[in-house]
Structures are given as structure tokens and as C-alpha cells.
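Residue numbers (my numbering), protein chains in the order written: chain U, 6 to 228; chain B, 4 to 448; chain A, -5 to 388.
Heads up, a few of these hints could be off.
To be verified - Calculated from the model, a selection of chain A residues having no Cβ within reach of chain U, i.e. all distances over 12 Å:
(1) Leu66
(2) Glu191
(3) Val234
(4) Asn300
(5) Pro317
As the list claims (entries may be wrong) - Some chain U residues judged to face chain A by a derived CB distance under 8 Å, without partners named:
(6) Asp115
(7) Phe141
(8) Asn144
Derived from the structure by calculation, the hints contain no laboratory data.
Computed from a predicted structure; not experimentally measured.
Virtual Cβ for every residue (Gly too), placed ideally from N, Cα, C.
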Amino acid sequence: MADEPKEPKPPQVPTGDQPASSVPPVSAPPAKPAGASAPAAPPRAAAPVPPKPPVVLQTPLDNEFVTRFRTKFTAALLEAMEDRKQAILTVERSRLLEIALHLRGEEKFDMLADLTAVDWPRREKRFDVVLNLYSFEKNERLRLKVHAADAEEVPSVVSVWPTANWQEREVYDMFGIVFAGHPDLKRILLPDEWQGYPLRKDYDILQQDTAWVRENLGIESGQ
Amino acid sequence: MQATMEFLKLYWAPLLCGVAVVAILPLVAGYIVLVERKLMADMQARLGPMRVGPHGLLQPIADAVKLLIKEDIIPDNADKMVFWLAPVLSVGAALLSLAGLAIGPAFQIAQDINIGILFVVGISAMGIFGIVLGGWASNSHYSLMGALRSSAQLVSYETAAGMALVSALLFTGTLNIKSIVEVQSQEGIWFVMLAPVAFFTYLVASIAETNRAPFDLPEAESELVAGYMTEFSGFRWSLYFLAEYTNMIVVASVATTLFLGGWLRPFAGVPWLNFLDFVPTLLVVAVAAYCLVRAPKQPTRVQQFFMLAVAGLCFVVGLVLVAPVVLPIAKPFYAGIHGGFWFIFKVSLYIYFFMWLRFTIPRYRFDQLMRLGWHFLIPLSIINVLLIGVALIAGSYFNLHGWGLLLVTTPAAVITLVAALLILVAEKERDAGQDPNAASDFYAG
Amino acid sequence: MELRAVSKAISSFKGKTALSIDTKNDHKTLLGADELVINMGPQHPSTHGVLRVKLKLDGERVIGSECIIGYLHRGVEKIAENRTYQQFAPYVDRMDYVAAVSSGLGYCEAVEKLLVTEAPPRARVIRTILTELQRIASHLLWLGTHALDIGALTPLFYCFREREEILKIFEKYCGARLTTHAFRIGGLQYEAYDTFEKDVERFCKDFESRIVEYETLLTENRIWIGRTKGVGILTAADAVAFGVTGPVLRASGVKWDIRKAAPYAAYDQYKFEIPVGTTGDTYDRYLVRMEEMRQSRLICLQAIENIPAGPIMAKVGKVLKPPPGEVYHAIEAPKGEIGYYIVSDGTVMPYRVHIRPPSFINLQAFDRMVRGHLVADVVAIIGTIDIVLGEVDR
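Construct the entire structure; sequences and hints are all you get.
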């Protein structure tokens, strides 16, 4: 029942020309004024405790599978790492379909468990489209990540895993990411005429499409 | 005026019976509904209506009042005349067919019609008009489709039911209701023993006739295609409902008359079994005793008082039932009172079976329902008629009567059952080759 | 080459008719000249929630369908970004409100993975017992409502009678019957109450005869078999392609259960079987779920024999600030694989929580399952997928 590991790991050096996909550490800034006094190690009992260095649990991944993958898709593979023992591959957006076909065909990842997105607004390519794959044969999971900027289209994987149909619609609904090649990309959870993409970070928690609410529900505001 | 008085003098008894039936029947139907709800609850490990009146006994009254005071909604583009007429036709047909039935030897509204059974079955089939017109008048595509489906179901099973009735009528040679029971009394055997397959066929067909489960798809929550009753609310709907339960009574009465010996006591002609005459009294007194025992255990005073009242009532009924058996002055009433009791008892058993089926088994899909009717029941009933005819010829050749007829009819029944098995096997093989859920359309529209 | 193979697999289904199906526009609903589009819902007694289904009919036969969801969308994932990890836990119950305990288990374990910690053994065993009881309760509700849709009125009441016993146990344990919030991040808040083992044991001992009761009513019943055999067939290939999980996948013939593939809580300590079907029709799904109830009962009986002593809560501290990173954790909920993808940026509130709901994914396969069937089967098929709209819409 260990808590966070005590030994600090050095911040990961990003491989490739991609900015580090791990989260820019927002918390635990090491440069606290109290830290400056720590090395002085005053004999006073009330010495402030040195802040714990940020725990980084991501490690680069380099097993057989990654080696195979790297030989086949050298340029497309932007990063391969492991976070909390879960494999994550970050790949080039334009080659997503090809990679998906390869993963389903050769690497036997026949089930797409989950397709979603994460919004990092301060990054240049703000969206992370995340695919969680599972292989029945190998009993292995794999996460595939693709970076996309605001207006960029991401290739749709519906032709590879039909389950992606509704999941991509949901990502489109919530983030506004357009999937190229999707047979019927329209909103799924929100009404078709809704304006705005709620799961983006610039969409406030209390924000609503007040025009839609006024027109369809007949009330001033949903609040 | 003179003619009217003459008419009344001759027919005062049946007229009185008729008035009694029309007045009391809605109440009886309402209480049958309550019995069904209580029975359903009992089979489902719960109590059923308990609030309105002690043990929910005033529930039908409350329901009736509610339905009467509901707003009468008529769809905009509905055909008003037909909308008014449709439930009336249904109820009219059901009540009219009740007129031909004899509840006991003394109680018959349309006395001694020589086409008794045909009259009853024919008039009750007129109820289909009420359904189709109701679906039409609702001005809704789905209602019309539901009505057509329901009528298709009724018509299909009418054939099988008719054939089954014919099998039993072969023994009697007459359609007169009283004569049918008299023949059973003479032969000393009920026709259910002589033609069991016919009874079974009639049983299944009558469930479909009255739109009861498992054949109630036209009126169940039918997903998309709403039943013909949808647009009717309030009293109009209660007329349809009344028609349905009256049909149940009619169908049960026909089955009782034809197969279960009408108003005859079991083993009516056998003198050394005359102690069975005490069975009605014993049954009723048992109910009274049960109520007496449970009375102190009731939670509220009202319910205690009510149980005692029921016990008292049952006791009085028991006395009425035992009087014709023991008291010489009451002997002439024996046939009427005991006959009435046995008839009502058998009808109740039949209806209990209907209700039991409803809560136990799931619903048939419409195409499965039609297939059962046309592919199984109709061939079965036709074969049965033929074989019973042959059996009767053999019986008269060997001069068999009464229980002796069993010698010829049992083989006929066995051969019919074998034929039924063959039909089922043939169906299964045909299904194995072809996915039954991809079968072609059986019905129009 | 692969695309053609995939689309061929997609468009093949049992119960073909002579009608031609427009596979290119498979996902769109077109209004043809002699076709009828019928709408079911969103208010409908048989859709188990606010689900709207548009059916394209040719006579009585369904040739296409479209599910329109979102009527119960509450923005749970957005809310998660504005609550702390512990504050979000009750929201998770309200998604699949029929099986709140499993959803809670998935979430708590996902956050525990994020924190790189684990609940103590005692907590894990009690979690297992409660989750298996919840599985039984969820399947009981499914059975009752599914049978009711097909016309059997009685199993509903029998199932709810048993479900009542389970809910009583939950109430005694954590105070709530439905939205239980039974687990906490790091373990349990409440110790098992004194008669917990006795209650569970009593329930399990009675339950065997009850399952026999349901089976007597349904399993060999000709009408039940007629309504469910061959209805809503989903082949194994289709099931995997559509990402279907849970009893629906197992009934199609794929023997996969996360409790065995990647054991969590205390499942690796107990022996139980995974029921698998053959044809993937409604009848097989029914059999699979009935057997799953039996297996859950066995797990409970094994678990209560030996609940280890010890603490029920790991040392996680009051303020949870998981190290930055992400995790995807999936467990076997009664309806399928429920996955939690949680991204942490090191603050007290998650950066992103995505829930992979089994009902949402399974409902996608509805179109595949319903094609070629009659309208009367639509309700049976919706029932057999076992969806809860709270989970579909979040």
C-alpha cells in the first residue's frame, strides 16, 4: 500500500521533435522560497520541510512491440511511453488510419475500447485524441494518442473499428473535432442545433447555448 | 296495449331474466376484474387492491365511478356516428349472446331456441364489427392496423372453435342448449371425456377469441401499433372492457354447456353418489368457516366486521343450497338452485384457468399466433371432427351408449393426438430449414 | 482489401430477406417511397428510459433503425473537471443508477491506480461481495423488465422481491439503496456491519431456489423460446467490431470477462465460471445472465467465508493530488466493460474524466441486431441489450 514513490525521477527528456506529452507540471513548483532555506538545514526544530519534488510516473517504453512498431512507422511514431504501467503511443495524425489498420490486422488489437479527447488549450495542437485499444489474443491494452489543432481534421477509424461511430460523434459533439471519413458526423448527446463545444476548456461550466434554450425550452436561461 | 299485456304475460320470466342480466352483468364483470387483480397479486407475491373498501372490495365501484365521470374525448377527424356506435356494437353483441345461454335449467332468457349454440356463437362473432369500426372511427393509422389485426386473430380462431364445437355437437344431434345438457345427463358422461381434444382446441381458441394472454398482442402495450381501444376513454372504453369480460363469460358458458355438463352435478345420474349433492354446501360453508377463523386476525374493525358479514352471507347461501336436498318442500327447486350453482362453479373454474394462464406465460408474437391458429389448430380440429364422426358410426354399429362410447372415442382421440404430433414435427422441420423469424408476411398491411 | 472485408462483415447478418439493404448508406436513414419511418419514444414504456428509436419499416419488417439519445445528458464529464476526486464519486453512481456499486468500484479503483496505491485486502474483499450482490441486483431488474416486455407479467415481481433483499443489505451497509456511494478512494468508509456476513449468507442460500423459480417460468417455456430464440442475433465478429462487452459479448461466443482477464478487487482469489453462449440471440443472452447470477452467488459465498481482518482504508490522505499523468481502468460492470480514463494534472481536481459506458457502446449494436426482424421484436431486442439511459447519456 505504498503512497507516492519517494525517490524523485528526473523529468523525462522528450524523444523526437514533439513537445513532451506529459502534463506541464502545474503543481509543486520546486522554486519555492522556503526551499532556498532547506539546504541551509537550520538546527531549529521548526525547519520548513523541503517540498517534495514532482513525482513523474511516465517512463519511455521500449519493448518488443514498440521496436516492431518503430521499424514499421518510424516517422509516424512520435513518442512511446508507459504511464503507471499502461503503454501509450503518440502517433502522427495523418497516418492514423494506416496505423489503426496495422494495429488491428497485424498486432491483433481487435477491440477499440474507448475513443475520446482531451483539451490542452495552452498547447499549439490543443487536442489529444485518445484511443484505448484491447487485444483479445494477447490480453493487452494499448493507448494511442494523436495531437490535433483546432481546425484540423482527424482521420476517422470507423472503417477499422465500427464501434468508433458513436464515439467519434461524441468527441465531435463535445470538442468540435471533425473526423474525416465519418459516415454521419453529427451531434449525438446535445441537440443538433446546439452551438458550442462544452468539453473544451474555454467553455465555462455554467455556460449554455442560451439561444437554443430560449427558443426550444421557452425559458430565459437554464440557470 | 292488449297485445303488449299478452306479450308480457307470456314472456315475463325471460324479460325479467334479461333485465336482471343487463343490470347485474356490469357489476359482475367489475368484480371479475377485481378477482383477476387479486389473483394476479397472489401469484405475484403481493396483495393487490387493498385500499378501497375492506380488502379492496369496493375497487370496482370506484373504477366505475371514475370511468363514468371522465371527460369524453373524441378525436377531431373521427367519424362521430361510428365512434359512438362501435363500443355499443361490441357490448350489444356480447350481451345478446348471453341471452341464448342457460345458467341452470331455470334461467334462460331466450327460451328454447332450436339453434341455441349457433345463435350464441354467431352473435358473439358479431362483436368483431365493434372492433373494426372502433379502429376505423379512431382516425388513426395505428388503431386501424391494430383493429384489423385483432379481427384477423378472432376470425382465424373462430374457425377452430367452431370445428371443436361441431365435434361435441356430433354427440347431441341438436343445437338446442337445454337438449345438449339433457343428452349429457342421459348418457351419464360429459362430452369432455368423449372429445377431449375438442375441448382442448376450444379452450385455446376461446383464449384467442377473447384477446386474452398469451394472445393479447393486439391489446397489450403493442409498442408502436396501438390497439383499437386507444382513442376511447372513459365510459366508451369501459364498454369495450365490459364486452371483453362478457365475452369471457359467454365463451366459458358455451364450453361448460357443451363439454363440462352444463348444470349437471358430477355423476348426476348415479344414485349412490348422491352425497355429492352436499358438495356445494360444504364448499360454501368451508369458505364461511375460513372467514370466521380469519376475522379476529384482521387489523382493523371494518375488515373484521366485513369478514363476519361474508361468513354470514356464505352461511346463508349454504343453507339455501342444502335446503332442496334435505327439505321435501324445497325439492322442486333443486334443479334450479343446484343447477345454477354447478354451472357458475364450472364457469368460474374455466375463467380461473384463463386468468392463471395470463399471469404465467408470455405473449405470442402476432405471426406466431396466426401460425398456431392456421397451421395447428384448424387442421387438428378438422381431423378431430372426422375421427369422431367415424367413432360415432362405429359406436352406433356396436350399440354403445354412455360410458361405452369411450371405447370408440378414446382411439379417435389418440389418433388425433398422433396427428397433432406429426403436424408439430413437420412444422419444426420446416422451421429448421428456414429461420422462423424471417418468415414471410402473414398478414396484410 | 481490408475495407471491403470489414464492410462485408458489417453487412452480413442472420435472418436475411430478399430485400436489398443499402449498405453504403447504412448509417443514414432515408425516406424511401414505400418505406415507413416510425418513431418510438422518447416516452415509451418499453424503452427503459428516455430513448428515441426511429425505425424504417417495410411492411412489418425493420430494415433500418436509428437511436437518438442525449435526453438524459447531464454533462457529468464536465462536472468532473470542477469537483475534487472525492466530490465526484457520488456522480458516478448516478450514471448507471441500477448498478451504482460497480460504477463506484470502477471509479475508486481508477483513482487508486492514479495514486499508485491499493485498497487493503479487507476492503477489497468487501468490495467484491458488494459488487457481486449489485451484479445480481442489476440482472434481476433486467430479467424482470425484459420478461415484462415480452408479456410474462409474473417474473418482475419475483425478481423485485429478491432485489429488495439485496437493497436492504446495501441500506444497512451504507444507508442508501440505489445510489450507494459505497466505496471511497483508498478503500471503504464503513466497516461491514455486524450481521453482514450472516445477511449475505442467508440471501445466497435462498437465492438458488429463486433462480430455479425464474427458470421454471421461462427457460423451457415454448412461448418464451419462440419469442427469444433467433431474435436479435449478433455474431461474435460483429460484437467485437462494435466493441460490445459484457453478457452480450459472451452470449455471442467470446469468452471474455475482465474479472478473469485482468482481475481487480479480490476476484483472483475466487473460483467461478464464465458462461458463454453460442448463437448470440436473445435466448442466449438470457441464459448467460441467469448463469452469471448463479456464479455471482458462488463468489459471494466464497468471499464471506474468509473476509480478512485489517484496515479498510489505505493511507491516502485527506487531500488527493495524484501525480500528473493518466490512467485507463476498466472493470466488468453488470452491463459490460465500464472504463474510466482519468487525466490528472497534479491538482485536487481531475483534468479530464472520461467514462466509457457499456450501455452506450452496446446500444450501437442495436441497429445490427434489429435488422430483418418484426416490429414486435424491437422491444425484446432493446430489453436484451440491457441499457440504462443514465449511462448512455451521462
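Hint check results:
The claim that Leu66 of chain A lies off the interface is violated: its Cβ sits roughly 9 Å from the closest Cβ of chain U, which falls inside the 12 Å cut-off. Separation of Glu191 of chain A from chain U is adequate, the least Cβ-Cβ distance of about 24 Å exceeding the 12 Å criterion. Its closest Cβ contact with chain U, about 5 Å, brings Val234 of chain A to no more than 12 Å, contrary to its assignment away from the interface. Here Asn300 of chain A stays apart from chain U, with its beta-carbon at least about 20 Å from theirs, past the 12 Å limit.
A beta-carbon of chain U comes within 12 Å of the beta-carbon of Pro317 of chain A; the shortest separation is about 4 Å. Checking Asp115 of chain U against chain A: minimum C-beta separation of about 5 Å stays under 8 Å; hint holds. Of the supplied interface hints, the one on Phe141 of chain U holds, with its beta-carbon coming within about 6 Å of a beta-carbon of chain A, less than 8 Å. Interface hint at Asn144 of chain U: satisfied, since its Cβ lies 5 Å from the closest Cβ of chain A, which is below the 8 Å cut-off.
Checked against the numbered hints above, the structure violates hints 1, 3, 5; every other hint is satisfied.
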